[in-house]
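S.K.: Residue numbers (numbering that gives the first Met the number 0), protein chains in the order written: chain A, 0 to 374; chain B, 0 to 374; chain C, 0 to 374; chain D, 0 to 374.
Be a bit skeptical, because a hint or two may be false.
For chains that are exact copies, the list does not tell them apart, and a pair is met inside one copy or across any two.
What the hints assert, rightly or not - Calculated lysine-lysine pairs in the DSSO-like style (CA-CA distance at most 27 Å, straight line):
# : residue 1 : residue 2
1 : Lys256    : Lys329
2 : Lys105    : Lys125
3 : Lys191    : Lys335
4 : Lys236    : Lys335
5 : Lys334    : Lys256
6 : Lys125    : Lys191
No lab work stands behind these hints, which were simulated from the structure alone.
Computed from a predicted structure; not experimentally measured.
4 protein chains.
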Amino acid sequence: MNSTATPIKITKPVPVFKETKQENGIGKKMKALVYHGAGKKLWEEKPKPVVQNDTDAIVKIIKTTICGTDLHILKGDLPAVTEGRILGHEGVGIVEETGSAVTDFKKGDHVIISCVTSCGKCVYCKRGMYSHCVNGGWILGHLIDGTQAEYVRIPYADNSLYHIPDRSDEEALVMLSDILPTGFECGVLNGKVQPGNTVAIVGSGPIGLAALLTAQFYSPAEIIMIDPDDNRLETAKQFGATQTINNSKKNAIERVKELTDGIGVDTAIEAVGIPATFGLCQSLVAPGGVIANIGVHGKSVELHLETLWSQNIAITTRLVDTVTTSMLLKTVQSKKLDPKLLITHRFKLSDIIKAYDVFQHAAKEKALKVILTND
Amino acid sequence: MNSTATPIKITKPVPVFKETKQENGIGKKMKALVYHGAGKKLWEEKPKPVVQNDTDAIVKIIKTTICGTDLHILKGDLPAVTEGRILGHEGVGIVEETGSAVTDFKKGDHVIISCVTSCGKCVYCKRGMYSHCVNGGWILGHLIDGTQAEYVRIPYADNSLYHIPDRSDEEALVMLSDILPTGFECGVLNGKVQPGNTVAIVGSGPIGLAALLTAQFYSPAEIIMIDPDDNRLETAKQFGATQTINNSKKNAIERVKELTDGIGVDTAIEAVGIPATFGLCQSLVAPGGVIANIGVHGKSVELHLETLWSQNIAITTRLVDTVTTSMLLKTVQSKKLDPKLLITHRFKLSDIIKAYDVFQHAAKEKALKVILTND
Amino acid sequence: MNSTATPIKITKPVPVFKETKQENGIGKKMKALVYHGAGKKLWEEKPKPVVQNDTDAIVKIIKTTICGTDLHILKGDLPAVTEGRILGHEGVGIVEETGSAVTDFKKGDHVIISCVTSCGKCVYCKRGMYSHCVNGGWILGHLIDGTQAEYVRIPYADNSLYHIPDRSDEEALVMLSDILPTGFECGVLNGKVQPGNTVAIVGSGPIGLAALLTAQFYSPAEIIMIDPDDNRLETAKQFGATQTINNSKKNAIERVKELTDGIGVDTAIEAVGIPATFGLCQSLVAPGGVIANIGVHGKSVELHLETLWSQNIAITTRLVDTVTTSMLLKTVQSKKLDPKLLITHRFKLSDIIKAYDVFQHAAKEKALKVILTND
Amino acid sequence: MNSTATPIKITKPVPVFKETKQENGIGKKMKALVYHGAGKKLWEEKPKPVVQNDTDAIVKIIKTTICGTDLHILKGDLPAVTEGRILGHEGVGIVEETGSAVTDFKKGDHVIISCVTSCGKCVYCKRGMYSHCVNGGWILGHLIDGTQAEYVRIPYADNSLYHIPDRSDEEALVMLSDILPTGFECGVLNGKVQPGNTVAIVGSGPIGLAALLTAQFYSPAEIIMIDPDDNRLETAKQFGATQTINNSKKNAIERVKELTDGIGVDTAIEAVGIPATFGLCQSLVAPGGVIANIGVHGKSVELHLETLWSQNIAITTRLVDTVTTSMLLKTVQSKKLDPKLLITHRFKLSDIIKAYDVFQHAAKEKALKVILTND
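Please work from the sequences and hints to get the whole structure.
M.R.: Structure below.
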């Protein structure tokens, strides 16, 4: 899910998810990170999940991570997340058990878990909009139990898991669960990044950096990274930004105009989620350009149609669909993309409380993504 | 240019237009509708235009019309329009004289005048974004003298005029200067109208009706017209709307939900230009849909990214490029489109003051487009 | 499947289909049209199909039809069809029974059966190329038993059946199983038919007429139908062709040049499947145009790259994916498309041998599609 | 223009080019490479060109090169090239003089000369198909005098020249006249190369290598280069090919199957122009893939529609439009593309006969592109 700096209040109805059977409390136990209301989380014992539907798989977690959205949940911003919920929607693991209708995965398979669950047969899945799957969408660690646990139940496993090729670096592939498809689909694809074009990315946090890494698939001439934190801009340079602007020190609009002969950028990617940064994108985009929103917004923004009505622009929004997971996997295998760049810290899964603490102070800790390993 | 109900204040720099020679005051005279500051217009004598650049043509006007934008100018909303300017950016005529570099038109040719002047060689023209032509764009009746006159000078004639085929109904083709390409390009093409889709058009004025007529090129299953005026909705029905909603009497959001199984529309076309109607479009659009803005906005609007961030939508803006003029002409010739439906009133060109009076009271007069004939 | 006039010999490996359980010979019986080797077919008793996989549905046939491909099979042109196979891949019916993993359909539902079976989870299904589904594709009446029977087993029912809305004309919807998606996807969509464009369709048989009907969704200026049979051309005119050419009497190339100012057509749709008609398309297509092949070819053709290399054209091929079935259903419901135009003859299902006889002499019988009703 | 190994016989009418004034024989002289019928060329004195139309520019050549098409002309394969014609359609130079209607260039400007002349106002130019410009297209060194001379007249200069930015390596930019846009537009863009995809390029000559260089803009996972010459394959590896196949030693079809899990390639680029290599592409392309033809073909080829009809493929052809020249220039400036890799030999312009000799024995000389400098 997308990173953000503000509370989100989803007022449109979220896709309905009905668990068709009660979770079986009898049987084996496992450890998991459990949400207990705003501000409260515990690493505690929970029942090990079991197959509930024929299309389910149970996956033993090998590696997982923490997302900015998990921090939102912990602040209490997402009321749909109820007490007792196991958090987490990213990870790689090993298939432990499958329902009778799962045909593409079997016990022992190493898999990437997609943050989005796709039934593969609803009207949205048929359009490639898995994010709006009427039977799934983003439900892991949200409407059903998630991946920050020793085991997780994955509904519609055939459409929601991806095989890990032999001899892969599995840690790196955790980045394919959410952050890389999010940066790529919401930022780069929606933003129509093209060879020779000029791109501005507003926000050099993990999600902005994911957009930066994947924007380079299309060889834009310039990628201008804008952020108020010099450390993050330094990272952006190492990741391939051709220009950086610290907008706490410099006027980003003026600087972008200088860099673009006064025209603005072909693509402005919003990777923060607040009115100020979305407003900045409106000032940066050239006639005929695109503003691709990735940020999770908690408030409405002011849209300057009094100037933009005549500028032939597009503004796009998107909840990641993870339709590009296989494609991204090929770019990793062929070394066009190194997801490992995003990983800064590593912990045992049982030390997840400590990992949250680091991730919550990301700027101070210079943290991007933390890896949690279930030994 | 687009129709609107509110003042516009263009704060981005308009394309620079330099007249390379002074208009020649010596010589023949003609009559024209001249702007003399907010609220003041006169049908008066002016010098007949002459070729100033090799790429100019002088066109004798046969038929012209009045646009909602002309009303804005008369209110004083467009400060770029200076006193003494001849208004009008639509019309058909006969070529009277051509500059030495004009090769595709000659004296006597019957032509459609595009509301947008295109040089054919700048970076925007090469992209098909004639609206942002660095040497042209919308300049007629705006930055240079326009078509509500007996004669008009057309810069870059080879790229800005279109041949009228023999035996055409020339009156109908006045609608190809601006209103039909605007409805089609900004509303229908940007809105990605497709067979079987559901479209809502907010605003059943001339521009909304132009979108309605041209949306039918793509055979959408439903076109829902929304407007507070029953007369206009009645017209919309005759023009092919499958549903109409009077949003002064009914809750348009509720009604659209009923008509779309609670999902919303694939395409919402904004054809008014005020915050309320743009806001309505945000409530109507389905996940994965498009809001295509046609309206000229005078104020910023509130964009509900706090819900829309995750809805996989696109919002598009566009000043008409008139790249589809030739294509629209083919649809008229093959009787897929009847532009005449938009014409409700006819006057002599010399009665243009009377025509403005009718057009300014369009609702009362049941006026859509008025035709002015230069006998 | 596509219509054709010549033998086909598929030399690329067909998608592998493994039946995981033996068909259950014990139990109820039904009547079906069974292939018994080249030239031999019988309406005979067969075991009623049963659910073999969790994702299967058993459908009672209400209406079915005969396809040109069925005639090929009967000639022995498709060796993959083995003796004892029940033919047919089109039809509407009522769900009789469903496997445990079928969630979107239940006993009593009225359904359209797609000619293409889609698993919804393989790499091709995820790309919308159901025709190449690694677990399905065109298997009905080909690699597994088909729809010319009282009952049929449909694998992957959730992805391969479509709900029939209440109060629909079910007979008309038989045309959505194969012929209309084939004409639309292979001819119209691949051919990029656009408003104002010029289209030639070579072959005015059922499939060419299906392309003709659905091409009109996009309001081309001209649709030129070419065929050696005057009756079929007369039908084409009634279906919306703007021009017809009997190419047994006239030089089609010369006539198309006259109609297109010597330029050729934007889209040439091949709807026969022999070298001569594909050759004709190469002579008709304008620079920048598309040749969209629908015909099933039994031989290689000569491609004139010595002239076409510089003509900026595209040639497309496609086995129908039936990705547009839902969309086509909406156009039928909204009366943009009347599939019934294609139906010329009606029989009882038990009279299918007689129906084949008529369909085999389609030209003489003026037959397009025949409907078989299972009372 | 495209490289090829076989005679070409254009049987479709070439775009008509009318020189409106006789070339002025009076006045200054210059040296040029002149065609004197099959097999004969001379470096001789010719009149220096003068402005003939208001839209012309006279350009002093700084650097030019030789194209495979020039060799075809010298063989007598292009009868449209008449005796006395100055050859050459590539080069960079300095504007010497401009017609009165040229507004974007002035004496002293350093420019890239496009191999395709575009009027900017015909129906094809408006579609971005400059190759089929009714007033231009490929005429330089073909229907009018070309660039292998001290001076050249460029019609429609505003649309056919490109400004060279300060401090550019002008030699490298000669590659933007033809070979790089050809490889990119005909091979890479038409071939829809995408991140993670698999590409095969058949032919590792200059044009295949140009496709190889520009295909990398889109980060395909694999680029497989196929050629019978080990030297050329070695060059391909240095240029970024991930796999090479010497198809004089190995079965390319088998090897590609091994490399692609038996599926074939997403994009097969034909960069030779003979039936055998086009045939190979047909065997390599995966279902859903594209064959993008670049090669200039002198004969028809056999198209295996008996298998390909059902494979959902596209075959594209294209004469380069040079619509991407500006974009390619940006990729050069931003160091995403190094055109200099293609340059292997350098001569004085006055030594052009020697340069032809080397280029005609390209394999032996290990020559790709030769640069000719006019001191």
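S.K.: For every hint, state whether the structure bears it out.
M.R.: Hint check:
For a Cα distance limit of 27 Å, the shortest separation of Lys256 from Lys329 across copies, 17 Å, qualifies, whereas the shortest one inside one copy, 37 Å, does not. Within a single copy, Lys105 and Lys125 get their C-alpha atoms as close as 25 Å, and across copies as close as 20 Å, so both meet the 27 Å cut-off. Proximity of Lys191 to Lys335 under the C-alpha cut-off of 27 Å is found in both arrangements, the shortest distances being 19 Å within a copy and 18 Å between copies. For the identical chains of this complex, Lys236 and Lys335 are neighbours both inside a copy (17 Å) and across copies (16 Å), given an alpha-carbon limit of 27 Å.
Taking identical chains as interchangeable, the C-alpha atoms of Lys334 and Lys256 lie at most 27 Å apart only when they sit on different chains, with a minimum of 21 Å there against 34 Å within one chain. Proximity of Lys125 to Lys191 under the C-alpha cut-off of 27 Å is found in both arrangements, the shortest distances being 22 Å within a copy and 18 Å between copies.
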